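Visitor: Letter by letter, the chains look like this.
Number of protein chains: 2
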Amino acid sequence: MCRTTPPAGRKGRPRSPEADAAILSATRQALVDLGWSKLTMGDVAARAGVAKTTLYRRWAGKSELVVDAVAVLFDELELPDRGSLAADAEGVVLQFAALLERPEARTALMAVVAESTRDEALRTRIRHAIVDRQKRLVLEGRRRAQERGELPYEADEAAASRTADLIFDVVAGAVVHRSLVSAEPVDVEWARAFTGLLLGGLTAASAAAPRLRD
Amino acid sequence: MCRTTPPAGRKGRPRSPEADAAILSATRQALVDLGWSKLTMGDVAARAGVAKTTLYRRWAGKSELVVDAVAVLFDELELPDRGSLAADAEGVVLQFAALLERPEARTALMAVVAESTRDEALRTRIRHAIVDRQKRLVLEGRRRAQERGELPYEADEAAASRTADLIFDVVAGAVVHRSLVSAEPVDVEWARAFTGLLLGGLTAASAAAPRLRD
DNA sequence: AGATATACGCTACGAGTCGTAGCGAAAGCT
DNA sequence: AGCTTTCGCTACGACTCGTAGCGTATATCT
Numbered sequence: 001m002c003r004t005t006p007p008a009g010r011k012g013r014p015r016s017p018e019a020d021a022a023i024l025s026a027t028r029q030a031l032v033d034l035g036w037s038k039l040t041m042g043d044v045a046a047r048a049g050v051a052k053t054t055l056y057r058r059w060a061g062k063s064e065l066v067v068d069a070v071a072v073l074f075d076e077l078e079l080p081d082r083g084s085l086a087a088d089a090e091g092v093v094l095q096f097a098a099l100l101e102r103p104e105a106r107t108a109l110m111a112v113v114a115e116s117t118r119d120e121a122l123r124t125r126i127r128h129a130i131v132d133r134q135k136r137l138v139l140e141g142r143r144r145a146q147e148r149g150e151l152p153y154e155a156d157e158a159a160a161s162r163t164a165d166l167i168f169d170v171v172a173g174a175v176v177h178r179s180l181v182s183a184e185p186v187d188v189e190w191a192r193a194f195t196g197l198l199l200g201g202l203t204a205a206s207a208a209a210p211r212l213r214d
Numbered sequence: 001m002c003r004t005t006p007p008a009g010r011k012g013r014p015r016s017p018e019a020d021a022a023i024l025s026a027t028r029q030a031l032v033d034l035g036w037s038k039l040t041m042g043d044v045a046a047r048a049g050v051a052k053t054t055l056y057r058r059w060a061g062k063s064e065l066v067v068d069a070v071a072v073l074f075d076e077l078e079l080p081d082r083g084s085l086a087a088d089a090e091g092v093v094l095q096f097a098a099l100l101e102r103p104e105a106r107t108a109l110m111a112v113v114a115e116s117t118r119d120e121a122l123r124t125r126i127r128h129a130i131v132d133r134q135k136r137l138v139l140e141g142r143r144r145a146q147e148r149g150e151l152p153y154e155a156d157e158a159a160a161s162r163t164a165d166l167i168f169d170v171v172a173g174a175v176v177h178r179s180l181v182s183a184e185p186v187d188v189e190w191a192r193a194f195t196g197l198l199l200g201g202l203t204a205a206s207a208a209a210p211r212l213r214d
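Protein chains in written order, with full-length UniProt numbering: chain A, 1 to 214; chain B, 1 to 214.
Worth flagging that the hints you see were computed from the coordinates, not collected in a lab. The structure displayed is predicted, hence computed values, not measured ones. Each hint should be verified, as a subset may be incorrect.
Repeated chains share a single entry, so a pair holds when one copy, or any two copies, can fit it.
With a Cα cut of at most 27 Å, we get these calculated DSS-like pairs of lysine-lysine [as the list claims (entries may be wrong)]: (1) K38 x K52; (2) K62 x K38; (3) K135 x K38; (4) K52 x K11.
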């Protein structure tokens, strides 16, 4: 799970996987109890039943530790096939929203992103541990829609990639903003209104030829 | 500017407005130089040339201080009338993006939102000092579009308000996500693609009667 | 087996930050 | 004037950080 220094086939005593699991679990619980700002390395070590130095052997600091701790939450994301693009999109939105309901994720996500604005390494760590796992849902939804014939297979691969990035930023950004900034519930009603807007824009764009305005 | 305890018409020596300005300015500069996590109250006091106790008389802590310090950046937001809804929407997006390019705003915004997930008072402070000032641009854009006849005047005021909230979360969320999470530039090309998607969805929704799916 | 290398728990440490208290002096209001 | 509040300054206990040093435990290599 992305240690500071992967212990590639060396000689001495290997790091304890039980300690890893205990630390990450303790970190999530500490996030629930204390929130990001009051979470301390010493507290996590005490909760996990390990020495503080053991944490620092694995993670450079609080940010890296928390990223790995919440990353596993994003592995649970699954998207059942609901039969249509509209229903699947609604599913993606509600999945994201359910994750942001969890207090560990709420307090941790914005904090590590804020930290990453001045730390390139942390930013790529977040991308691999969290963002890419969210993006899978969007890509999976598009793939299914293409198989159903609801969306065209795009010839220009670069353009298709740009469109996917755009959709992802819109979906993830809107859900996060609604949930954390506006602090309003992302319920089925909102999800339906949002996906209606989004899919309306998509079909309008694909119907109205490549270029929209000049 | 939202002090901790508004010095309503009391008797003694009034608080120094120069100190206020110096502190907020020093806070912004400290955000640029140090970033959110390394910014300390003592450092800001030293930069502003005031005593640390003076800061604590006005603000309860780092979060409140930073919110007020970056709030003034959002006062500069202006939206020239570009003649069409599409052009105005593009203008809103680029205005938000330009603000997020500023290092003070980049590092501060996500951090205070993260903090606000466990602090209701801070959340409403952010809403008044920052979110409402962004939202004005969206509402202004809608008003102009309605005057031009590009958007209908909605009879149901509650529904109109919900739609405006939705649009705002989508616009602000997408720009923030693109800029801070994906860490990709919000240039004219992206803004055009995004507003194309958004307006396509809007016109599709208004054309296809009230209810979209059942 | 023995040697070697690494992880682990524990204690201790200097450095830095927090938020507050107490003081005398300055500045406005009635 | 007299009163009230702010301001700058110093000092303080409490807390967190990240590291160093030590003895012990557990793996691989010869």
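Visitor: Determine for every hint whether it applies to the structure shown.
Guide: These are the hints, each one checked on the structure:
Proximity of K38 to K52 under the C-alpha cut-off of 27 Å is found in both arrangements, the shortest distances being 16 Å within a copy and 22 Å between copies. Proximity of K62 and K38 under a CA criterion of 27 Å is satisfied in both settings, with 11 Å inside one chain copy and 14 Å between copies. For the homomeric pair K135 and K38, neither the shortest alpha-carbon distance inside one copy (30 Å) nor that between copies (31 Å) is at most 27 Å. Taking CA atoms no more than 27 Å apart as the test, K52 paired with K11 passes inside one copy only; the shortest distance there is 24 Å, against 53 Å between copies.
Violated hint for the displayed structure: number 3, the only one.
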